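*Asks:* Position chain B with the ligands against the provided structure of chain A, taking the given hints into account.
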Amino acid sequence: MEFNAPAGRNLFDASKVVGKSTPRIDGPLKTTGQAPYAYERHDVVANQAYGYIVGSAIAKGRISAMDAEAARAAPGVIAVILATETKPVGKGMSNYAPLFGGSDIAHYHQAIACVVAETFEQARSAAALIRTSYDRSAGRFDFPKLAPEAPLAKDEEGKPDRQTVGDFDSAFAAAEVKIDATYTTPDESHAMMEPHATIAAWDGDKLTLWTSNQMINWGKESMGKILGMDPKNIRLDSPYIGGGFGGKLFIRADAVVAALAAKQAKRPVKIALQRPLMANNTTHRHATIQRLRIGAGRDGRITALAHENWSGNINGKEGENGTLQTPVLYAGANRLIANYIATLDLPEGNAMRAPGEAVGHLALEVAMDELAEKLGMDPIELRIRNEPKSTVPGKPEKRFSDRNLVRCLREGSTRFGWDRRKAKPGSVRDGQWLVGMGVAAGYRAAPANKSAARVRLDGNGGVIVETDMTDIGTGSYTIIAQTAAETLGVPLEKVKVTLGDSDHPAAAGSGGQWGAASSTAGVYAACVTLRQKIGQTLGFDGDKAEFAGGKIKANGKSFDLAEAGKLSVDGGIEFGKFKDDYDVGTYAAHFAEVAVNAYTGEARIRRMLAVCDAGRILNPLSARSQVIGAMVMAAGAAMMEELVVDTRFGFFVNHDLAGYEVPVHADIPAQDVVFLDTLDPIISPLKAKGVGELGICGVGAAIANAMYNATGVRVREYPITLDKYFERMPMLT
Amino acid sequence: MRSFSYERAQTPEQAAATVAGKPGAKFLAGGTNLLDLMKLEIESPTHLVDVQDLDLDRIEETDDGGVRIGALVSNTALAAHRKIRTDYGVLTRAIVAGASGQLRNKATTAGNLLQRTRCPYFYDSNMACNKRKPGSGCAAIAGFSRQLGVIGTSDSCIATYPGDMAVALRVLDATIETVTPDGAKRSIAIADFHRLPGSSPERDNVLEHGELITHVTLPKPIEGRHFYYKIRDRASYAFALVSAAGIIAPNGATRVAFGGVAPKPWRVEAAEEAISKDRKAATAQIFSGARPTEENAFKISLADRALAAVIAEARS
Ligand SMILES: Cc1cc2nc3c(=O)[nH]c(=O)nc-3n(C[C@H](O)[C@H](O)[C@H](O)COP(=O)(O)OP(=O)(O)OC[C@H]3O[C@@H](n4cnc5c(N)ncnc54)[C@H](O)[C@@H]3O)c2cc1C
Ligand code: SF4
Numbered sequence: 001m002e003f004n005a006p007a008g009r010n011l012f013d014a015s016k017v018v019g020k021s022t023p024r025i026d027g028p029l030k031t032t033g034q035a036p037y038a039y040e041r042h043d044v045v046a047n048q049a050y051g052y053i054v055g056s057a058i059a060k061g062r063i064s065a066m067d068a069e070a071a072r073a074a075p076g077v078i079a080v081i082l083a084t085e086t087k088p089v090g091k092g093m094s095n096y097a098p099l100f101g102g103s104d105i106a107h108y109h110q111a112i113a114c115v116v117a118e119t120f121e122q123a124r125s126a127a128a129l130i131r132t133s134y135d136r137s138a139g140r141f142d143f144p145k146l147a148p149e150a151p152l153a154k155d156e157e158g159k160p161d162r163q164t165v166g167d168f169d170s171a172f173a174a175a176e177v178k179i180d181a182t183y184t185t186p187d188e189s190h191a192m193m194e195p196h197a198t199i200a201a202w203d204g205d206k207l208t209l210w211t212s213n214q215m216i217n218w219g220k221e222s223m224g225k226i227l228g229m230d231p232k233n234i235r236l237d238s239p240y241i242g243g244g245f246g247g248k249l250f251i252r253a254d255a256v257v258a259a260l261a262a263k264q265a266k267r268p269v270k271i272a273l274q275r276p277l278m279a280n281n282t283t284h285r286h287a288t289i290q291r292l293r294i295g296a297g298r299d300g301r302i303t304a305l306a307h308e309n310w311s312g313n314i315n316g317k318e319g320e321n322g323t324l325q326t327p328v329l330y331a332g333a334n335r336l337i338a339n340y341i342a343t344l345d346l347p348e349g350n351a352m353r354a355p356g357e358a359v360g361h362l363a364l365e366v367a368m369d370e371l372a373e374k375l376g377m378d379p380i381e382l383r384i385r386n387e388p389k390s391t392v393p394g395k396p397e398k399r400f401s402d403r404n405l406v407r408c409l410r411e412g413s414t415r416f417g418w419d420r421r422k423a424k425p426g427s428v429r430d431g432q433w434l435v436g437m438g439v440a441a442g443y444r445a446a447p448a449n450k451s452a453a454r455v456r457l458d459g460n461g462g463v464i465v466e467t468d469m470t471d472i473g474t475g476s477y478t479i480i481a482q483t484a485a486e487t488l489g490v491p492l493e494k495v496k497v498t499l500g501d502s503d504h505p506a507a508a509g510s511g512g513q514w515g516a517a518s519s520t521a522g523v524y525a526a527c528v529t530l531r532q533k534i535g536q537t538l539g540f541d542g543d544k545a546e547f548a549g550g551k552i553k554a555n556g557k558s559f560d561l562a563e564a565g566k567l568s569v570d571g572g573i574e575f576g577k578f579k580d581d582y583d584v585g586t587y588a589a590h591f592a593e594v595a596v597n598a599y600t601g602e603a604r605i606r607r608m609l610a611v612c613d614a615g616r617i618l619n620p621l622s623a624r625s626q627v628i629g630a631m632v633m634a635a636g637a638a639m640m641e642e643l644v645v646d647t648r649f650g651f652f653v654n655h656d657l658a659g660y661e662v663p664v665h666a667d668i669p670a671q672d673v674v675f676l677d678t679l680d681p682i683i684s685p686l687k688a689k690g691v692g693e694l695g696i697c698g699v700g701a702a703i704a705n706a707m708y709n710a711t712g713v714r715v716r717e718y719p720i721t722l723d724k725y726f727e728r729m730p731m732l733t
Numbered sequence: 001m002r003s004f005s006y007e008r009a010q011t012p013e014q015a016a017a018t019v020a021g022k023p024g025a026k027f028l029a030g031g032t033n034l035l036d037l038m039k040l041e042i043e044s045p046t047h048l049v050d051v052q053d054l055d056l057d058r059i060e061e062t063d064d065g066g067v068r069i070g071a072l073v074s075n076t077a078l079a080a081h082r083k084i085r086t087d088y089g090v091l092t093r094a095i096v097a098g099a100s101g102q103l104r105n106k107a108t109t110a111g112n113l114l115q116r117t118r119c120p121y122f123y124d125s126n127m128a129c130n131k132r133k134p135g136s137g138c139a140a141i142a143g144f145s146r147q148l149g150v151i152g153t154s155d156s157c158i159a160t161y162p163g164d165m166a167v168a169l170r171v172l173d174a175t176i177e178t179v180t181p182d183g184a185k186r187s188i189a190i191a192d193f194h195r196l197p198g199s200s201p202e203r204d205n206v207l208e209h210g211e212l213i214t215h216v217t218l219p220k221p222i223e224g225r226h227f228y229y230k231i232r233d234r235a236s237y238a239f240a241l242v243s244a245a246g247i248i249a250p251n252g253a254t255r256v257a258f259g260g261v262a263p264k265p266w267r268v269e270a271a272e273e274a275i276s277k278d279r280k281a282a283t284a285q286i287f288s289g290a291r292p293t294e295e296n297a298f299k300i301s302l303a304d305r306a307l308a309a310v311i312a313e314a315r316s
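If you read the sequences in order, they're chains A and B. Those letters in the first sequence? Residues 1 to 733, by full-length UniProt numbering. Those letters in the second sequence? Residues 1 to 316, by full-length UniProt numbering.
What the hints contain is simulated information worked out from the structure, not anything from laboratory work. Nothing here was measured: the structure is a model prediction, and the numbers come from that model. Please note that a few of the clues may not be correct.
Stated by the list, open to error - Using 20 Å as the maximum straight-line C-alpha spacing, the simulated EDC-like pairs for lysine to aspartate or glutamate come out as follows: (1) A:Lys-145 <-> B:Glu-294; (2) A:Lys-317 <-> A:Asp-142; (3) B:Lys-39 <-> A:Asp-656; (4) B:Lys-39 <-> A:Glu-121; (5) A:Lys-724 <-> B:Glu-295; (6) B:Lys-280 <-> A:Glu-727.
Chain A on its own, in the form it takes in the complex (with noise of 0.2 Å):
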């Protein structure tokens, strides 16, 4: 099917299942432990040997030499392999460096041997008696030194990553009022629960991963790639994944090694990186320098308006470019982005969960905090002052397909209680706790992509729905078992969906927060399908018939979906040229209440909110947790996450969960969130965006701006922890 004209009235208006608050079909087998994630696939194949991988001592150099005499005798131990004694692997996709093999060290802790053995415990001690030595080089480590030197970054078009409209330094020399302001984020980590974990099995020249992976396609393709075979010969398996956030997002070290220990221990070996390698070993996200210059008229309007983005990765590849939103958020006539990238020996920085905007808020947001109170002015009005009309600014041919930023910030007003609000910083005391409250707008774009998905009748007026879209922990199951009961009215229970594996059709897997839009998207394609196909087989038109309660009415006459049979059908969705004349959206208004302890600079979030307008909301229950959980980890992001660069290693040193501190329940308070009952008929046929990233797209400048309020104290640097600011903040006695 494809979606090429925006949506009109269709069945998911009237919805019946899709839009209802559906507790996750996959529940109970998670909370009793039947659904395996990748390392503990115990069945799926026999004789599974344990493999440990080593990570490289050093950031940057070569390994001299290897000496694995003592681990091969060692107790149990069936095969080693070393990356001296192996050609170096190809790269997939997003791989920036090789995964293994050779004596080039690109970044700390890269993988550079693999001890198995019969047992885990055999495999650790046996890979502790490898013996490397390296001759170690110098290394590009400090971001902050080197970033005034980067170059522009290359826009897709691989063009310089440079955008004006208007005549930026002008109107920023004339304006009334101005901001200049400067803000670092640093490298953060993933640090989902699950480590990169997977099973690998040969067959002869077919090889099975089952594995942990958000993108089944791609990850299939990308192996192909880095072993030198057809794709064909490869699957992928990854029904359960314990989170990703985009470090799962493409294939990783225990992917590729677990396949090369296979083949030559000629048995099916099992990998999971122990959590002190996940950090250096894998992929993180890159720290950035942004700064932001805002002038405006007294009136608030915004004239001019520069955002410039530093980030640096290893061989100059792509960034972390915060400056994503600021095209679309804010009116202003004059308008300057910049993106610029420097070369980088520290490990690989990728995506993680919002790639860009998720920082770009947290110059951006904060930065508009500072003008509202540069111009006296409350900081949503001048928000509310700076909407753009009904196309992006500067691009008067890309209109916004659905756009309600001025409703969330209202809404969010109301329900907060915003208006006891202190503009003035530090004016409000509880105890020894200073208390402030701040705002701040959200913005994450919505791309839909090609998503396919299979769809079979069982007979017995069962369906089954097969793709290889993932189910990351966001929900995936329930909402695509929704969108199949609701396309061909049946009842949720006699859905069964069956994810993450690359032998069923291929889905637009789960990133860039496309995978709710697009997978139910392609799902309801098939069950058009199946609904055609099934009209066919009773002598009826699928299009016209009325699919409910298990029945179809069709010719004035009564149908069971078993009468059927079994039937299957591939199908999918492709969306259409007409999409680019439009921004297709997800808008946030984020609030927080913040206190913090005057004697010691302690803070804690008192209360949180988040207004939302993502379309149609598929499962109420479902997307509020991506919410409350993306609010979760943008309080780490604004308050205690950095992976600390030690500049003359070139390496994270905090890296296991003790030295890399994410939010705890007691940091957490009420949070509360809200979705307004907007449709979005450019998105898709179901009218429905993601939220899973839009959660994460302001909340810790909220947070941020209430610290301000608090204090009246303003840190810039991230994350904000206390030792930035204590000391500047009067001491109450």
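*Replies:* Frame of chain A, contents of chain B with the ligands only:
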């Protein structure tokens, strides 16, 4: 983790003698610290003597009105004990500010005192660390030192003793009772228990190899307002940037020990008289001779402000 042998001791004397007789042997209590370190090969004992069967899991009142805590009493049991809660509030507060419920169920009183540092370079065996590998150097001093010590440190090591419970014990003037390998009993004042690193940071405390902790005793309770204020980067489940354990007597006399700042709970009795009159001067004295790094210098004024906060709270 390297392979090791394992046995369960029946008496304290036997446990001490067994460990003393084997250079690579160690005691195992709750295992929440030792086993983690063994998995990373930071510790690699060849033999473990498990002390969990020893008859050391009681809390008893002593003749002079204090309490005697068995070495195996769990952190949870100790914190929840009625007398500890009512008469030694600083201790309960310190314990529950540490780790998590599950860990405290497993962690023992002796093991807690002996937990090793949380310096990140100590945990990464690719890095130089005098505490882990004597003579290899210290990667932390010119590196990421934000969490590390500001006072009592040396050119060999700037790590902290990371625990909470011991900071409260320091304020309470606790005594550590041991059995030495030859079966003799020894009492060590908490003030003398943890070592400053000097040029041998590999030794965290004054115990000799094979010396077993049997009890921790507390003198009779000290009247006043007990506090434990732990400041960290998140609200729970993190080690202290700075903690302050103390008691403010009804007449305002204050005693305080700081955690997170030094290789041992840091208390300077001589400075305490001044606290109620000129707090700033007192904390300056407590931290005189400090040698912070650029990254952790904030801990000194944070410690002062933590104390200011609890004093203000007590007065309000
Ligand atoms: C994730 C995590 C977070 C934590 N957070 C905190 C925190 O916030 N605050 C805090 O204070 N602590 C914290 N801890 C540390 C925890 O308190 C200690 O691990 C625990 O107290 C150790 O007790 P154990 O009985 O398990 O010791 P074990 O691991 O069994 O032993 C520790 C050491 O003591 C020795 N030993 C044990 N018993 C004796 C004895 N009777 N005589 C002589 N030597 C003995 C052992 O040989 C070993 O060297 C945390 C630990 C973890 C894993
Ligand atoms: S501070 Fe101490 S524990 Fe840390 S690296 Fe240096 S010697 Fe090791």
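*Asks:* If a hint holds in the structure, say so; if it does not, say that too.
*Replies:* Each hint tested on the structure:
Simply put, Lys-145 of chain A and Glu-294 of chain B have alpha-carbon atoms about 18 Å apart, close enough for the 20 Å limit, and the pair holds. For a cut-off of 20 Å, the pair hint linking Lys-317 of chain A to Asp-142 of chain A stands: about 16 Å separates their Cα positions. Taking the CA atoms of Lys-39 of chain B and Asp-656 of chain A, the gap is about 14 Å. The hint holds against a cut of 20 Å. A C-alpha spacing of about 9 Å is found between Lys-39 of chain B and Glu-121 of chain A, which places the hinted pair at or below 20 Å, so the restraint holds.
Taken as a hint, the Lys-724 of chain A and Glu-295 of chain B pair is honoured in the structure, with Cα atoms around 11 Å apart against an allowance of 20 Å. At roughly 14 Å between alpha-carbon atoms, Lys-280 of chain B and Glu-727 of chain A fall within 20 Å of each other, so this suggested pair holds.
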